[in-house]
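There are 2 protein chains.
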Amino acid sequence: MPKIPNERLKRYLGLKRDFSEERYINLHPIQRAGVLTPEARKAILEFGDGYSTCDWCQPKAARLDAIERPPIAQFMEDLATFLGMDVARVVTRCREAKFIAFMMLGKPGDTVVVDSLAHYSTYTAAELAGLNVKEVPHGDYPEFKVDLNAYANKIEEVKKETKKLPAVVLLTHVDYLYGNLNDATAVGKICKEYGVPLLLNAAYTAGVMPIDGKKMGADIIVSSGHKSWAASAPTGILAMKKDIADDVLERSKIVGDWSGRKFAAKEYALLGCTVMGAPLITLMASFPHVVERVERWQEEVEKARYLVDQLERIEGTRQLGIKPKQHTLIHIESDGLHKISETHKRRGFFLYDELRERKIVGIQAGLTKHFKLNTYGLSLDKVKNVANAFKEIAEKYGLKIG
Amino acid sequence: MPKIPNERLKRYLGLKRDFSEERYINLHPIQRAGVLTPEARKAILEFGDGYSTCDWCQPKAARLDAIERPPIAQFMEDLATFLGMDVARVVTRCREAKFIAFMMLGKPGDTVVVDSLAHYSTYTAAELAGLNVKEVPHGDYPEFKVDLNAYANKIEEVKKETKKLPAVVLLTHVDYLYGNLNDATAVGKICKEYGVPLLLNAAYTAGVMPIDGKKMGADIIVSSGHKSWAASAPTGILAMKKDIADDVLERSKIVGDWSGRKFAAKEYALLGCTVMGAPLITLMASFPHVVERVERWQEEVEKARYLVDQLERIEGTRQLGIKPKQHTLIHIESDGLHKISETHKRRGFFLYDELRERKIVGIQAGLTKHFKLNTYGLSLDKVKNVANAFKEIAEKYGLKIG
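The listed protein sequences correspond, in order, to chains E and V. Following my numbering, the numbering of the first sequence begins with 8 at its first residue and continues without gaps. Following my numbering, the numbering of the second sequence begins with 8 at its first residue and continues without gaps.
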C-alpha cells in the first residue's frame with residue numbers, strides 16, 4: 008500500500024482562501040456573479056454530504072432531474088421558464104453543456120460555426136466531439152466587435168466546403184475577453200433562415216441579465232452556475248426548445264450483449280445523473296435571488312460605466328471593446344500604468360501590490376498594460392473606492408488625472 | 008422576460024434534508040462513505056463561492072490541476088501516489104472518468120469488455136463514446152459471481168469478431184448490486200497478456216479500502232469522491248499510468264481557422280478545467296482522513312459481517328452475493344419480510360415505516376423482498392441498533408428469529 012508522508016498530508020489541513028468578501032473588494036473577472044447568496048451558504052452545508060440529493064430518488068426514473076424532494080424536478084421547469092425555453096437540465100459545466108449539444112447534434116467531421124471571441128472551452132468541446140470550427144471574424148482594435156452579419160457567409164462557406172449545413176451555430180452572448188454584448192436576435196434570424204440550430208453561450212449573461220431564449224431565436228441556451236448564478240462550481244445549465252431537447256436528451260439504447268440489460272430511462276449524453284449534490288442545491292437556493300436580480304441589471308451596467316469613466320481619466324488609459332459598456336466585465340488597456348512598471352523594482356506586480364494594500368484584489372498579478380476586472384454586485388461605494396484607489400496609485404507614480 | 012410566480016419561488020427557500028447524521032442512522036447504499044468529515048464541512052463554506060479555486064490560477068498553464076494555492080497541483084501528485092498510479096486528475100464524476108478513457112482510447116465501433124454487473128453509467132459512457140460492450144458473464148443465484156477467467160474468452164471473441172483487440176477492458180472492483188469484491192489482479196494478468204489497458208472502476212473501493220493500482224495491473228483507476236472519499240458531489244477520480252495518461256490527457260490541437268487561436272495547454276478530453284470549486288476542496292480536506300481510514304477497512308468489513316449474521320437469523324432472510332462479505336454494501340433477500348408486506352395495509356412500506364420510527368433510514372421505501380444497505384462508517388453500537396431493530400420488527404409480525 009503506497010504511503011503519503013504526514014508532512015505532505017498537513018498541507019490539506021485548514022484550507023483557507025486568502026481573500027474574503029468581507030475584508031476585500033474582489034474584482035476577479037470570472038468570480039463576481041458566482042458569489043453565493045446567504046441562502047446558498049446555508050444550503051451548501053445542509054447538502055454537503057456526497058449524494059445528498061438522492062434521499063428520495065424514485066426507482067422508476069432513477070434520474071436526478073425527476074427528484075421532487077428537494078424540488079429538483081420543479082426547478083428544471085422553472086429554470087426553463089426563466090430562460091424562455093422548454094426543457095432544462097443542470098449539467099456539470101457550461102462547457103459540458105456545449106459538448107453535449109455538439110456531440111448529439113453533430114457527427115465527427117461536421118462543422119460548428121462560432122464567433123472568433125468564443126471561450127477556449129467552445130473549441131475543446133468541438134474538438135472532443137470531433138467537429139471542425141469555422142470562425143466568424145471580429146473587427147479590429149479597439150472595439151473587437153464580432154461581425155454578426157458574417158454568420159450568413161460562414162454558413163454558406165460550410166455548405167460549399169462540406170456539402171452540408173453546419174451541425175450547430177454558436178454565438179457567445181458576452182465574450183470573456185472584452186465583455187462585448189452581441190445581438191443574439193440578429194444571429195437567431197440568420198439561423199432560422201438556414202434551418203440551423205443556434206446555441207447561445209450565455210455564461211456571462213443568463214443569471215445576471217434578463218434572457219428570453221425563444222424571443223432571441225435561440226434553440227439552446229447554455230450557462231454557468233458558478234459564473235453567473237450565485238452557485239458553487241461545477242454547475243452548467245443546458246436549456247432547450249422542445250424539438251432539440253428530444254435529440255440532445257436521447258434515451259439510452261445500449262443493450263448488454265450477454266445480460267440483455269437496458270437503461271432506457273437514462274439520457275445517455277448526460278451519462279445519467281449529473282450534479283447530484285451541493286452545487287445544484289446552491290443554484291436552487293440562489294434562484295429566487297437571481298430571478299429578482301436580473302431586473303436590476305441596468306444598475307449594474309451603470310456602475311461599470313462609471314468606473315470606466317473614472318479609469319479613463321488616468322493618463323494613457325482606455326477601455327477596450329464596445330462603448331459604452333453593456334456588461335460589467337471590463338477590459339482596460341493602460342500605457343500609463345505599463346510605463347510605471349518598466350522602471351518599478353516590482354515590475355508589473357507594483358499594481359497588484361498597491362491595490363492589495365488598499366484591500367482590492369482580483370486583477371491578475373503582474374498585469375498593467377492589459378487587464379480585466381468585473382464590478383458585478385459591488386455597491387456604488389465600493390466601485391467609487393476602486394476608482395479612487397486607481398487614481399491615487401496613478402498619481403503617486405506621476406501619471407496625470409484628466 | 009418570462010416571469011416565475013412567487014408561489015413557485017417559495018419552494019426554494021430554506022432547503023433542508025429530512026435526515027441528519029445526528030438524528031438518524033442512514034443505511035443508504037450509496038451515501039455512507041460520502042459523508043463529509045468535519046474538515047470538509049469547514050472547507051466547503053470557505054470555498055463555496057463559484058470559481059473559488061481560481062484566485063491564484065497561473066496564466067501560463069491556466070489549468071486547475073496546476074494551481075498551487077490551494078494545493079491542487081500537490082494533491083494531484085498525492086492522489087496518484089495514494090492509488091499506486093503515476094498521474095491523477097479530478098473530474099466531475101466517476102462516469103465522466105470512464106467516458107474520457109473510452110473516448111480517448113477507443114474509436115467509434117470499437118469494443119470495451121465489461122463485467123455484466125457493471126454500473127449503468129459504464130454502459131452509457133460506452134454508448135456516448137460510440138463503443139460496443141461485450142459482457143463477461145456472472146454466475147447464478149445466490150452468489151452472482153463474475154467469471155473473471157472469462158475475460159480472456161471475451162477478449163478472444165472481440166478479436167475474432169472485430170479483427171482487433173478491445174479498446175479497453177473494464178472491471179468493476181466492487182459491484183453496486185451485490186457488493187461483490189472482484190480480484191483485480193487476475194484480470195490485470197489477462198489484460199497484460201493481451202496488451203489491452205485495464206480500467207478498474209474503484210467507485211466502491213478506492214477511498215475506503217487500500218488500493219495499489221499498479222500492483223493489481225490496472226492501467227487506469229476511476230473512483231467517485233462523493234461515493235467513497237467523504238467529498239461533495241460531483242467529484243470523480245481519474246488515475247493512470249504514465250503512458251496511458253499521455254493518450255488520455257492529450258493536449259488540444261484545434262486551431263481557429265480565422266483567428267489562428269490555439270489552446271495547447273488544455274487537456275481537451277477534460278474540456279480544460281473540471282471541478283473548479285467546493286467539491287474538489289472537500290475531497291482535499293478529507294484526504295488526510297481517507298488516507299488513515301483505509302487502514303481500518305477490515306473493521307468495517309467485520310461490522311458488515313456481524314449485521315449479515317444477525318439479519319440471517321430472521322426467518323426466510325439471507326444475504327445475496329459472495330460470502331462472507333468483503334465489503335460493507337449488503338444485498339438482503341427476505342421472503343419473510345416480503346410475506347408480511349402481502350397482507351400489511353401499507354404493503355411493502357411497512358418496513359420503511361417501522362425502521363423510520365426507530366430512527367433508521369436509507370433503505371428504499373416500499374422494498375422488502377430485496378433491498379440494499381451499507382454499514383460503512385457506522386459505529387458497532389449503531390450496527391447493533393440496526394440489527395435489533397430488524398429483529399424486533401420481524402418478531403412483531405410473527406417471524407421466527409433463529
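Derived from the structure by calculation, the hints contain no laboratory data. Honestly, I wouldn't trust all of these hints.
For identical chains, the list gives no copy identity; a pair is met inside one copy or between any two copies.
To be verified - Listed below are the simulated BS3-like cross-link pairs for lysine-lysine, each with C-alpha atoms no more than 30 Å apart in a straight line:
id: 1; residue 1: K114; residue 2: K260
id: 2; residue 1: K10; residue 2: K199
id: 3; residue 1: K67; residue 2: K376
id: 4; residue 1: K67; residue 2: K23
id: 5; residue 1: K269; residue 2: K330
id: 6; residue 1: K330; residue 2: K391
id: 7; residue 1: K166; residue 2: K10
id: 8; residue 1: K398; residue 2: K199
id: 9; residue 1: K248; residue 2: K199
id: 10; residue 1: K366; residue 2: K49
id: 11; residue 1: K269; residue 2: K376
id: 12; residue 1: K389; residue 2: K366
Against the structure, the hints come out as follows:
For the homomeric pair K114 and K260, the shortest alpha-carbon distances inside one copy (18 Å) and between copies (19 Å) are both at most 30 Å. Taking CA atoms no more than 30 Å apart as the test, K10 paired with K199 passes between copies only; the shortest distance there is 26 Å, against 60 Å inside one copy. In this assembly of identical chains, K67 and K376 lie within 30 Å of each other by CA distance solely across copies; the values are 17 Å between and 58 Å within a copy. For the homomeric pair K67 and K23, the shortest alpha-carbon distance between copies (24 Å) is at most 30 Å, but the shortest distance inside one copy (42 Å) is not.
Only between protomers do K269 and K330 lie at most 30 Å apart by alpha-carbon distance; the minimum there is 28 Å, versus 55 Å within a single protomer. Taking the closest pair of Cα atoms, K330 and K391 come within 30 Å of each other only inside a single copy of the chain (20 Å); across copies the shortest separation is 70 Å, beyond that limit. Proximity of K166 and K10 under a CA criterion of 30 Å is satisfied in neither setting, with 58 Å inside one chain copy and 39 Å between copies. When the C-alpha separation of K398 and K199 is checked against a cutoff of 30 Å, the pair qualifies neither within a copy, at 48 Å, nor between copies, at 66 Å.
In the homo-oligomer, the alpha carbons of K248 and K199 lie at most 30 Å apart inside one protomer (13 Å), although the nearest pairing across protomers, at 48 Å, exceeds that limit. For a Cα distance limit of 30 Å, the shortest separation of K366 from K49 qualifies both inside one copy, at 27 Å, and across copies, at 24 Å. Taking identical chains as interchangeable, the C-alpha atoms of K269 and K376 lie at most 30 Å apart only when they sit on different chains, with a minimum of 22 Å there against 58 Å within one chain. In the homo-oligomer, the alpha carbons of K389 and K366 lie at most 30 Å apart inside one protomer (11 Å), although the nearest pairing across protomers, at 50 Å, exceeds that limit.
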